[in-house]
Amino acid sequence: MNYQWDWDAVREAFPLLMEGFKTTLLATVLGTLVAAVLGLVVAMAGRAPTRLVTIPVRALTEFVRSTPLLVQLVGAYTIFNSFEPLTIGIAVLGIHYASYLSEVYRAGIDAVPKGQWEACRALSMSPRRTWQAVILPQAVRNVLPALGNYGIAMFKETPFLAVITVSEMVFEAQEYGSEHFVYAEVFTLAGLIFLAASYPTSLLMRKLEKRLGH
Amino acid sequence: MATDPLQKTNPEDRAPETAAGHLVVFDQVVKRYGDHVVLDHLDFTVERGQHVTLIGPSGSGKTTILRLLMTLERISGGLIMVSGKPLSHMAGPGGSLKPASEKYQREIRKKIGMVFQQFNLFPNMNVLQNITESPVNVLGMDRAEAEERAEELLDMVGLREKITAHPTQLSGGQQQRVAIARALAMRPEILLLDEVTSALDPELVAGVLDLLREIARTTDITMLCVTHEMNFARDISDQVLMFDSGRVIESGPPEKLFGDPDHERTREFLSAVL
Amino acid sequence: MGDFYSYFFDHLPNVWSGLWVTIEATVLGAIVALALSFAFGFMANSRHVLVRGVSRVIVEFFRGTSLYVQLFWLYYAFPLLFSYELTPLFCGVVAFGMNYGAYGSEVVRGALNAVPKGQWEAAVALNMTPAQRMRRVILPQAWVQMIPPFTNLLIQLLKATPLLWLITAADLTTVIQQMRDRTGETTWAYLTLLVMYFILAYALTLLMNLLERHAKTRLGQHTSARSLLRSRSAESAEKAEVAQATGGGG
Chain B
1 MNYQWDWDAV REAFPLLMEG FKTTLLATVL GTLVAAVLGL VVAMAGRAPT
51 RLVTIPVRAL TEFVRSTPLL VQLVGAYTIF NSFEPLTIGI AVLGIHYASY
101 LSEVYRAGID AVPKGQWEAC RALSMSPRRT WQAVILPQAV RNVLPALGNY
151 GIAMFKETPF LAVITVSEMV FEAQEYGSEH FVYAEVFTLA GLIFLAASYP
201 TSLLMRKLEK RLGH
Chain Y
1 MATDPLQKTN PEDRAPETAA GHLVVFDQVV KRYGDHVVLD HLDFTVERGQ
51 HVTLIGPSGS GKTTILRLLM TLERISGGLI MVSGKPLSHM AGPGGSLKPA
101 SEKYQREIRK KIGMVFQQFN LFPNMNVLQN ITESPVNVLG MDRAEAEERA
151 EELLDMVGLR EKITAHPTQL SGGQQQRVAI ARALAMRPEI LLLDEVTSAL
201 DPELVAGVLD LLREIARTTD ITMLCVTHEM NFARDISDQV LMFDSGRVIE
251 SGPPEKLFGD PDHERTREFL SAVL
Chain R
1 MGDFYSYFFD HLPNVWSGLW VTIEATVLGA IVALALSFAF GFMANSRHVL
51 VRGVSRVIVE FFRGTSLYVQ LFWLYYAFPL LFSYELTPLF CGVVAFGMNY
101 GAYGSEVVRG ALNAVPKGQW EAAVALNMTP AQRMRRVILP QAWVQMIPPF
151 TNLLIQLLKA TPLLWLITAA DLTTVIQQMR DRTGETTWAY LTLLVMYFIL
201 AYALTLLMNL LERHAKTRLG QHTSARSLLR SRSAESAEKA EVAQATGGGG
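So the sequence lines, in the order shown, correspond to chains B, Y and R. If you count the first sequence from 1, position 62 lands on 62 in UniProt numbering, and the numbers rise without skipping. If you count the second sequence from 1, position 226 lands on 226 in UniProt numbering, and the numbers rise without skipping. If you count the third sequence from 1, position 161 lands on 161 in UniProt numbering, and the numbers rise without skipping.
Wrong hints could be hidden among the right ones.
Straight-line C-alpha distance at most 35 Å; calculated DSBU-like pairs for lysine-lysine [to be verified]: (1) Lys162/Y with Lys85/Y; (2) Lys256/Y with Lys117/R; (3) Lys216/R with Lys103/Y; (4) Lys216/R with Lys22/B.
Pulled from the structure, derived: some chain B residues nowhere near chain R, Cβ distances all over 10 Å [said to hold, decoys possible]: (5) Asp8; (6) Leu25; (7) Val37; (8) Ala45; (9) Arg47; (10) Leu52; (11) Thr54; (12) Pro56; (13) Ser66; (14) Leu70; (15) Ala91; (16) Val112; (17) Glu118; (18) Pro137; (19) Lys156; (20) Leu195.
Derived by calculation from the structure, the hints in this document are not laboratory data. Ideal Cβ placement from N, Cα and C applies to all residues, glycine included.
Put together the whole structure using the sequences plus the hints.
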């Protein structure tokens, strides 16, 4: 290995990558938010009393989660070309992860003991009140650690946004790398930044999981 | 008190009389989990062919004794001897003792079999495979011979017709009888019975206990049982050991121990369980 | 719509060759991942601190750095550093194998630990060697538990293969994108592509369900034929999905 490692390039690229990292974080946070809300909506729709709702909802969820995020991203970017790439990216990330999270919510709701539903009925609570005051608070507690872990997973998939020209961290790395032909430096740097951000977060999530007794 | 066997000289020099006669010797055995002392300098012996029952309150360390003998737990101090050989230690440099290697332990383990509270049949094998697995693959027995022997054992435990059944298709009592057959298939000199009826529905207990009585009567296998079935203990035991707080507080033949115990703790325990 | 499909069916050999690259990358990647899963999974259960530590570091490294970055590193940075060109498919297989092997090792470790302790004890009481205990008793039981989470990882791996398009391997995505460029039929092209991936994913799930049924039969558990058709969202997969995302939660 007689490669001349270019430290100057590392020094110069680092602030650029950190600038892109802001977009990476923004996409992760907003994407997770969309996924969390949409996932819950899908999970509740999946429990609707009529099959006219549940079957299409389940089928669509299954389809979204069984097909590649990258193809979904590029497809949406090409078809809805009047939108900002970042908006498309956040929407697709959110929808894709909502398909995972709806299952997690479903399991979380199923894990609420049957007695809780029965108690609500015995107290003649309205369905709305039952969900709001009793079921959801317990379900969300069940779901919280998984939500965090999917957030971390999404974080590691944000580089896909580079493909649709969102200038997140890896996009910046690619740009700088091809301009100065220093791919080794920038991709190593990008990888280490990912590691430095995701590893402590996942440790934190494991702690939280233990705390919540999962 | 010296409890670390690693600092002692060869135990056979130290205690020739124990090494010679007894089949099992517990010599100042200590077992700790962290700060919690389960066995506190425990001494007792078992003679060849004897049926010994350990009784006492839950958590008094009875099961730990069996698990130490089966090498499922590591000893914290003291020495266990089986047929005159240390169980968890082997000769090290200069006549000292060092922790036994896996190979050494496997040699000693050949003499010992165990039946568990939770049966622990292998769910990935049927009844016959459960029984023949180790005779064939550990003892190197010919498969046909092992199967013939398995059939005899299944006849004895009354489950010949279940030979190709799967553990999940058997009742708890049937599973435990297969587990007994499986242990016997290894031709152990010592059989350890760890609360073998505790996980059974009440109506299935009698069948398993009758089988064990039969084995006690017709074989010369040394038996060491932990049980809460006092009538069973009275029936099969030559010797009953009363345990409390990691020590034997009283021992004797069943007539004596159940009929006229010396110790106040024993009386309390017996009046609570009988 | 007509334009795209007439072009699609006129150029079926291209579709097959793209499909073949995708399947090749999935299968080879899965084989590497499976081997690494077991290697790191066993290492994680080792008695030696050093072995456990090495496995931990490798696993955390491959989980913590993005797959996308790993693939690009192999394709762009590796040849510069080591003056050795790797083919795109090879890069894909290595990156997929490493990444999903890291997740899979948590599955292996978790499944080995999930076998009841009594099974190990019974194997000791029957005087089996450590290797016999693992091979004859622990592994056959752990294997059944590994299949549903492995199914999830396999589908994840399949879904990651379009990354090959970005490093110029002519996979399914590349081929269909070319057809889109020729015909300008964006919507039909991407919809077709997604449906093809969906069918692939479903076929893989079916195969894995068959494998699970076979393994369960050996444990005396019987599964209905209906459950073979169940999707990954079926109950048993739920936990696995979470475990996969979290890597079993340490």
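Checked hints:
no., hint, verdict
1, Lys162/Y with Lys85/Y, "violated (39 Å)"
2, Lys256/Y with Lys117/R, "violated (38 Å)"
3, Lys216/R with Lys103/Y, "holds (34 Å)"
4, Lys216/R with Lys22/B, "violated (48 Å)"
5, Asp8, "holds (16 Å)"
6, Leu25, "holds (14 Å)"
7, Val37, "holds (19 Å)"
8, Ala45, "holds (14 Å)"
9, Arg47, "holds (14 Å)"
10, Leu52, "holds (19 Å)"
11, Thr54, "holds (12 Å)"
12, Pro56, "holds (14 Å)"
13, Ser66, "violated (4 Å)"
14, Leu70, "violated (4 Å)"
15, Ala91, "holds (15 Å)"
16, Val112, "holds (15 Å)"
17, Glu118, "holds (22 Å)"
18, Pro137, "holds (20 Å)"
19, Lys156, "violated (4 Å)"
20, Leu195, "violated (4 Å)"
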